[in-house]
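Chain order of the listed sequences is A and B. Quick note: the first sequence uses our numbering, first residue 1, plus one each step. Quick note: the second sequence uses our numbering, first residue 196, plus one each step.
Derived from the structure by calculation, the hints contain no laboratory data. Heads up, the beta-carbon is just placed ideally off N, CA and C, and yes, glycines get one too. Be aware that a few hints might be false.
Partial pick of chain A residues on the chain B-facing surface, computed with a CB cut under 10 Å [stated by the list, open to error]:
#1 12
#2 81
#3 99
#4 149
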Amino acid sequence: MSTGLKTVLQWFIGRELNPSIGSLEMKSFNEMRPGMILWTLINLSMACEQAVRRSKSDAFFLSGVTDSMWLVLAFQGWYVADALYNEPAILTTMDITSDGFGFMLSVGDLLWVPFMYSIQARYLAWNHVELGPVWTATIFSLHALGYWIFRSSNAEKNDFRNGKNPKNLQYIETKRGTKLLTSGWWGMSRHPNYM
Amino acid sequence: MAVTDPDWWNSLWDTEAFLVYFGWYTFCLIAWVILPGDWIEGQQMRNGKKMKYKINGTLHRITCLSPGAHFYVAFSTYLLALGLAVGVIINFGPSSFTYIHDHWIGLVTAALINSVVQALGWYAWSFRPGPLLALGGNTGNHLYDVRRLVFP
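Looking at chain A on its own, in the form it has when it is part of the complex (with noise of 0.2 Å):
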C-alpha cells in the first residue's frame, strides 16, 4: 500500500487505543454521552416542533404530540437509558479493547449516532401520523417482546460465561474446548441477543 493511502487508512481506522486528556479517555467518553445523550435531546426538539406545527396556540406539549411520536420517544429515550446505567458493559466491546480512536468511531458517535437515529422523529415532526390505540398498543407489545428477549438471552449468557447456570441449561463441549449453550435462547437461535 502506498504511503499516502496506509495515512489515510490510519487516520480512518484509528491509531492510538486509549487517547486521554489526564483520566479522561475519550474513546468512551465520546462513545457514550455527548452522541448519545444528544439524539434524545434532537427528538425532544423534534417532538415540540410537531406540537407547534399541530397546534394553532402554543399548548401543552401532551396534547399536541402523535402516538408515533410517544412510541419514538419511549422507545429511543429508554435504549439510550439502558446503555447509559449499564456503561460499564462497553468496556469488553471491540470498540474499547481492540480499535484506535480515528474518524470511524469520532463521526459515529458524534455524528451518526446523534443525527442519523434521530431521523425517525425528523420525519413525524413533518408528518403526523396517527397510529390509533390498536396499533400503538400492537407497535409497543412487539417492541416489549423483543427487548425482553435481548435482555434474558443475554443474561443466559453472561451467567454462562461467568460459570453460573441457573436455569441448568444443556450444552455442548466443542473440540476447541469451548462451551456451546444448547438451550434456553441461545437453543432456539445464533443470536437471539439481536432481537
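Given the coordinates of chain A, assemble chain B onto it according to the supplied hints.
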C-alpha cells in the same frame, strides 16, 4: 441550490449553532468532571496494564435519593440533560425547544467538524513517543484491515 453554488456551502454554516454544539460538548465534559462516580478498571491490555474509567460499574449511591437508588456518571449526565430540557418545555412550552430542529444543518456541520478535528488531532498526537497503539487496521493483513473498514 447546487453544490457548485457558493450559497449552498454557506448554507451549511451557522455560527450560532456551532457555538451551541460546542456548548453542549463542554456541558458533557463538565458533567464528567463534577458529577460523582466510581473508577473501575477496563480489560487488561497487551502491555498488561488496565485503563481506569470514571463510570458506573460499582454502585455509586446518592443517599439523598431513595436508599436503593443507584445513579452513575453517564446516567446522571443523561438525567441532568433530560431534566433541564423537560423543565424548559414544561415551563416555556414546546416552541421554546425547537432550536435543534430549526438549526439542524448547522448542528450537523458542527458535529462533523468535531469528528474530523478529533480524528486529526488524536492521529497526530499518537506519534509522540510511548502510546499504546491499536492493532486494528494495522495488522499488516490488508484484507483483514479493509474488511474492518467496510463492516465496522
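So, going through the hints one by one against the coordinates:
1. 12: At 7 Å from the nearest chain B Cβ, residue 12 of chain A passes the 10 Å test, so the hint holds.
2. 81: Nearest chain B Cβ about 6 Å off; hint holds.
3. 99: Holds - the Cβ of residue 99 of chain A comes within 10 Å of chain B, reaching about 5 Å at its closest.
4. 149: 24 Å, violated
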